[in-house]
Amino acid sequence: MITRKRLAVGACGLLAALAVGLFPASATAADEPTAKEPPKVDLVLDVSGSMRANDIDGQTRMAAAKQAFNEVIDAVPAEVRLGIRTLGADYPGDDRATGCKDTKQLYAVGPLDRTEAKTAVATLAPTGWTPIGPALLGAAQDLEGGNGSKRIVLITDGEDTCAPLDPCEVARDIAAKGIHLVIDTLGLVPDAKTRAQLTCIAEATGGTYTSVQHKADLSKRVKQLVDRAADPVVNPVATEGAKQCEGAPPLKAGLYSDRETFGEHRWYRVDVLPGQELRASVSIGADRAVNNDYGVLLRATTVHGREIVRGSEAGDGRTDVLSTGLRYPKAEIDGLDSDTKPVPETVCLQVSNSFSAPASVKTTPGMPVELTIDLVDGPDEASDVAAFGLGRGWWLLAVLALAGLLAGLVWGWISRWRISVWRTN
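Residues in the sequence shown are numbered consecutively from 2, following the numbering used here.
A couple of the hints might just be wrong.
As the list claims (entries may be wrong) - With a straight-line cut-off of 30 Å between C-alpha atoms, the simulated DSSO-like cross-links for lysine-lysine are:
| no. | residue 1 | residue 2 |
| --- | --- | --- |
| 1 | Lys244 | Lys105 |
| 2 | Lys244 | Lys178 |
| 3 | Lys194 | Lys178 |
| 4 | Lys342 | Lys102 |
| 5 | Lys37 | Lys221 |
| 6 | Lys253 | Lys224 |
| 7 | Lys363 | Lys244 |
| 8 | Lys178 | Lys105 |
| 9 | Lys105 | Lys224 |
| 10 | Lys194 | Lys37 |
| 11 | Lys224 | Lys178 |
| 12 | Lys194 | Lys102 |
| 13 | Lys102 | Lys178 |
| 14 | Lys105 | Lys221 |
| 15 | Lys253 | Lys119 |
| 16 | Lys67 | Lys253 |
| 17 | Lys224 | Lys37 |
| 18 | Lys221 | Lys244 |
| 19 | Lys67 | Lys224 |
| 20 | Lys178 | Lys37 |
| 21 | Lys67 | Lys102 |
| 22 | Lys253 | Lys37 |
| 23 | Lys105 | Lys119 |
| 24 | Lys342 | Lys224 |
| 25 | Lys119 | Lys102 |
| 26 | Lys102 | Lys244 |
| 27 | Lys178 | Lys342 |
| 28 | Lys37 | Lys119 |
| 29 | Lys194 | Lys253 |
| 30 | Lys67 | Lys244 |
| 31 | Lys119 | Lys244 |
| 32 | Lys119 | Lys67 |
| 33 | Lys342 | Lys363 |
Everything labelled a hint here was simulated from the structure, so no lab data went into it.
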């Protein structure tokens, strides 16, 4: 058994980046056409009353945000479809129900008219509430359609004021839809509660959180995120594992995403031809508070349930992502006629986790799972015990036990012989 540990930064971003190098664009999991759709970015700006605070390089937060937006609009790559959504921009009153609906699309996602976009931003003035949850739902609708990269960039100076529509839960629901939409968050002079909420939103979708104290940092970071959308990494293909191997979804080489609740087992199937080596890895993102002592298991079994090989990893303390992997080389078939098509072996992959959480933490939707599948030419002389069908090594343990028994018998015979010689003398 060979176990590989991959370290990931944020909510699963690094694993997807590694997959770019592992799989050529022509070998995507769903054999999709290679035509590249334009990336979409929706900038979501907080225009609530607190944006009047004058604490960013001698300017108000609103003025700093406007200046940064103008610089970003000038630098947006031509292929990016940009939109702007606001929250708290229109209703100045005290009615909570009305204030928590105050989000609108200021500039529709599409080809960018830089002058028109700047004119729209110039009209904004700090006004009302901070309905982050409704704004994220609206932004997700702004980006609907197409298979290209989608990114929301949220800029705010405070936490949501419209719970119980918890923006962190909204982000998890968006991620659970499998539309590969990433939310990045930026906090303007944030306090501890704001940092915690924005970090949770970002981690739920594999995005990033950035604390901003200066207007130059704000402009630079938003430009980076827009540029990142223009040069995206491979998007995982959404799938749904089964409760058992029978009926599990068949997977080809590629990158896949799923959701798994605490302590759940999910099954997938991969066909491995003689002479191929299956390489699989899985990462589970802890996108919410979890208890100490947790683990992830990836097992490869036959369709009859015999274990072939496994990979596992455990942890204790805070983690963002826990990963493990395995390899299974399928031996060539000797004497096979060149005209005979080799029959693949169906390998069942089980993904399990031992995460748990405090009673106050919601278990739905499940935690994000990314599964990488690769099928390569097997080694000429496989050294892995899985190549010999030893599974978890029980045959090897039996051989060692037999060797120990024989060694004990020999040592006992020698000891008795020595005692006999001593008594004789």
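To see whether the hints hold, each was checked on the structure:
Between Lys244 and Lys105 the alpha-carbon distance is near 42 Å, which puts this suggested pair outside the 30 Å criterion. For the hint linking Lys244 to Lys178, the alpha-carbon distance of about 20 Å falls within 30 Å, and the restraint holds. Taking the CA atoms of Lys194 and Lys178, the gap is near 27 Å; set against the 30 Å cutoff, the hint holds. For the suggested pair Lys342 and Lys102, the alpha carbons sit about 62 Å apart, so the restraint of at most 30 Å is broken.
With a CA separation close to 26 Å, the supplied pair Lys37 and Lys221 stays within the 30 Å bound. A C-alpha spacing of about 36 Å is found between Lys253 and Lys224, which places the hinted pair above 30 Å, so the restraint is violated. Taken as a hint, the Lys363 and Lys244 pair is honoured in the structure, with Cα atoms around 21 Å apart against an allowance of 30 Å. A C-alpha spacing of about 23 Å is found between Lys178 and Lys105, which places the hinted pair at or below 30 Å, so the restraint holds.
For the proposed pair Lys105 and Lys224, the alpha carbon gap of about 23 Å is at most 30 Å, so the pair holds. Our distance criterion of 30 Å between C-alpha atoms is broken by Lys194 and Lys37, whose separation comes to about 39 Å. The hinted pair formed by Lys224 and Lys178 meets the criterion: a straight-line CA distance of about 27 Å does not exceed 30 Å. In summary, the hint linking Lys194 to Lys102 is supported, as the alpha carbons are separated by about 22 Å, within the 30 Å threshold.
With a C-alpha separation of about 23 Å, the suggested pairing of Lys102 with Lys178 holds against the 30 Å cut-off. Distance check on the hinted pair: Lys105 and Lys221 sit about 25 Å apart at the alpha-carbon level, within 30 Å; holds. This hinted pair does not check out: Lys253 and Lys119 have alpha carbons roughly 46 Å apart, beyond 30 Å. Between Lys67 and Lys253, the direct Cα distance comes to roughly 47 Å. Violation of the 30 Å bound is thereby established for this hinted pair.
Restraint check for Lys224 and Lys37: satisfied, since their Cα atoms lie roughly 22 Å apart, inside the 30 Å limit. A threshold of 30 Å between alpha carbons decides the hint, and for Lys221 with Lys244 the separation of about 46 Å lies outside it, so the pair is violated. Under the criterion of a C-alpha separation no larger than 30 Å, the hint pairing Lys67 with Lys224 is consistent with the structure, at around 14 Å. The hinted pair formed by Lys178 and Lys37 meets the criterion: a straight-line CA distance of about 22 Å does not exceed 30 Å.
For a cut-off of 30 Å, the pair hint linking Lys67 to Lys102 stands: about 23 Å separates their Cα positions. About 21 Å separates the Cα atoms of Lys253 and Lys37, which keeps this hinted pair within 30 Å; it holds. Distance hint between Lys105 and Lys119 is fulfilled; the C-alpha atoms sit about 17 Å from each other, no more than 30 Å. A C-alpha spacing of about 53 Å is found between Lys342 and Lys224, which places the hinted pair above 30 Å, so the restraint is violated.
For the hint pairing Lys119 with Lys102, the CA-to-CA distance comes to about 24 Å; that is within 30 Å, so the pair holds. This hinted pair does not check out: Lys102 and Lys244 have alpha carbons roughly 40 Å apart, beyond 30 Å. Among the hinted pairs, Lys178 with Lys342 is inconsistent with the structure: their alpha-carbon atoms are about 39 Å apart, more than 30 Å. Pair hint Lys37 plus Lys119 holds up; C-alpha atoms about 28 Å apart against a cutoff of 30 Å.
Between Lys194 and Lys253 the alpha-carbon distance is near 43 Å, which puts this suggested pair outside the 30 Å criterion. As the CA atoms of Lys67 and Lys244 are separated by approximately 51 Å, the hinted pair breaks the 30 Å bound. Restraint check for Lys119 and Lys244: the C-alpha separation of about 52 Å exceeds 30 Å, so the hint is violated. Proposed proximity of Lys119 and Lys67 is supported: the alpha carbons are some 9 Å apart, at most 30 Å.
Only pairs whose Cα atoms come within 30 Å are accepted, and Lys342 paired with Lys363 is rejected, the gap being roughly 50 Å.
Taken one by one, the earlier hints fail for this structure at numbers 1, 4, 6, 10, 15, 16, 18, 24, 26, 27, 29, 30, 31 and 33, listed in ascending order.
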